[in-house]
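Q: Residue numbers (the UniProt record's numbering), protein chains in the order written: chain A, 1 to 123; chain B, 1 to 123.
Derived from the structure by calculation, the hints contain no laboratory data. Hints may contain errors.
Stated by the list, open to error - Computed Cβ-Cβ distance ranges for the label pairs, DEER-style:
(1) B:122 to A:91: 26 to 34 Å
(2) A:83 to B:41: 23 to 31 Å
(3) B:27 to A:10: 25 to 33 Å
(4) B:6 to A:40: 17 to 25 Å
(5) B:113 to A:89: 44 to 52 Å
(6) B:83 to A:66: 37 to 45 Å
(7) B:10 to A:92: 18 to 26 Å
(8) A:117 to B:14: 30 to 38 Å
(9) B:102 to A:69: 23 to 31 Å
(10) B:17 to A:3: 33 to 41 Å
(11) A:116 to B:71: 33 to 41 Å
(12) A:120 to B:49: 23 to 31 Å
(13) A:120 to B:82: 20 to 28 Å
(14) A:21 to B:122: 28 to 36 Å
Said to hold, decoys possible - Okay, derived cross-link-like pairs now, BS3-like style, lysine-lysine, Cα gap no bigger than 27 Å in a straight line:
(15) B:6 to B:122
(16) B:68 to B:122
(17) A:6 to B:87
(18) B:6 to A:39
(19) A:68 to B:87
(20) A:39 to A:87
Note that the structure is predicted; figures quoted are calculated from it, not measured. Glycine included, each C-beta is placed from N, C-alpha and C at the ideal position.
Protein chains: 2
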Amino acid sequence: MQTIEKINLAEKFGLINDYWNPRIAGELNGQQVKIAKFKGEFEWHHHEHEDEFFLVISGQFEMHLRDKMVVLNPGECIVIPRGVEHKPVAPVEAEVLMFEPASTVNTGNLENSERTRTNLEKL
Amino acid sequence: MQTIEKINLAEKFGLINDYWNPRIAGELNGQQVKIAKFKGEFEWHHHEHEDEFFLVISGQFEMHLRDKMVVLNPGECIVIPRGVEHKPVAPVEAEVLMFEPASTVNTGNLENSERTRTNLEKL
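Please construct the entire structure, taking both the sequences and the accompanying hints into account.
A: Given below as C-alpha cells:
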C-alpha cells in the first residue's frame, strides 16, 4: 500500500519564503491542492479552461474582479470560473490554499509573465 | 457575468445540524467542495474510482486505515487514494471540508448504507 500521511498546512507554509509561487501540497483525481503565500499585487489574468478555488488559511487578500472586489478572510473561499478576469491583491501576507487542475498555470493567459511558475515544487 | 460571491465556511457550517451528511459548498472543474460535520463513527468503505481530500476546519477526527490511524486537527488534511479502505471516526464534533469529484458518494462501495447520501444539498 502506498504511504498515506497527513499534511499539516502550517508546517508546509513554514517552508515557504516567497510570494506568488504555488507549491503542490497534494494531488488527487488529476487535480492539485496548491498552497502559496500572497503579498502585494498580482497581475490581471484569466484561465481559459480551468476554474480555480481559493481558501484563505491566514491573513487576508482581495480578489479584484472587473466589476467588484471581494475581501477574503481566514475561513473564506471563492471560486473563480474559467474565463473570468481576476487579480489577487494582498495588502498583508496571506496564506492561501487552492484547488485546481494539475494543468493550471498561475498566470493563466499571461504565459510568459515574470511571475509565471511551471514545474511546481512538491512540499 | 455569473455572480461570484465568497463562501464563508463558518457561516455555512452554522447551517448544518446533522452529521455525516455532506453539503456542496462549491463546484469547479467537475469537482465539488463539500462540507460536513463529523461526530461518532462512520463505516469502513472505499471509493473504487475516486481519491478524496479531507481538511479539518475545526474539531478533530481520526482517519482509520487498515494498517494505522491518523489523527487530524484543524489545518491538517489527508488524501485517501482510490481503493483504500478507510473509516473516519470523530470522538468530538469536527467540521470538515472535502474536495472530490462530483460523482463521489460518501459511503463509496457501500451503496445502500443508511448513511449513504446522494442528491446533496447546496449551501
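Q: So, for every hint listed, does it hold in this structure?
A: The hints, checked one at a time:
{"no.": "1", "hint": "B:122 to A:91: 26 to 34 Å", "verdict": "32 Å, holds"}
{"no.": "2", "hint": "A:83 to B:41: 23 to 31 Å", "verdict": "44 Å, violated"}
{"no.": "3", "hint": "B:27 to A:10: 25 to 33 Å", "verdict": "28 Å, holds"}
{"no.": "4", "hint": "B:6 to A:40: 17 to 25 Å", "verdict": "21 Å, holds"}
{"no.": "5", "hint": "B:113 to A:89: 44 to 52 Å", "verdict": "46 Å, holds"}
{"no.": "6", "hint": "B:83 to A:66: 37 to 45 Å", "verdict": "44 Å, holds"}
{"no.": "7", "hint": "B:10 to A:92: 18 to 26 Å", "verdict": "20 Å, holds"}
{"no.": "8", "hint": "A:117 to B:14: 30 to 38 Å", "verdict": "37 Å, holds"}
{"no.": "9", "hint": "B:102 to A:69: 23 to 31 Å", "verdict": "30 Å, holds"}
{"no.": "10", "hint": "B:17 to A:3: 33 to 41 Å", "verdict": "37 Å, holds"}
{"no.": "11", "hint": "A:116 to B:71: 33 to 41 Å", "verdict": "39 Å, holds"}
{"no.": "12", "hint": "A:120 to B:49: 23 to 31 Å", "verdict": "26 Å, holds"}
{"no.": "13", "hint": "A:120 to B:82: 20 to 28 Å", "verdict": "23 Å, holds"}
{"no.": "14", "hint": "A:21 to B:122: 28 to 36 Å", "verdict": "34 Å, holds"}
{"no.": "15", "hint": "B:6 to B:122", "verdict": "14 Å, holds"}
{"no.": "16", "hint": "B:68 to B:122", "verdict": "34 Å, violated"}
{"no.": "17", "hint": "A:6 to B:87", "verdict": "15 Å, holds"}
{"no.": "18", "hint": "B:6 to A:39", "verdict": "20 Å, holds"}
{"no.": "19", "hint": "A:68 to B:87", "verdict": "43 Å, violated"}
{"no.": "20", "hint": "A:39 to A:87", "verdict": "12 Å, holds"}
When held up to the earlier numbered hints, the structure conflicts with 2, 16, 19 and fits the remainder.
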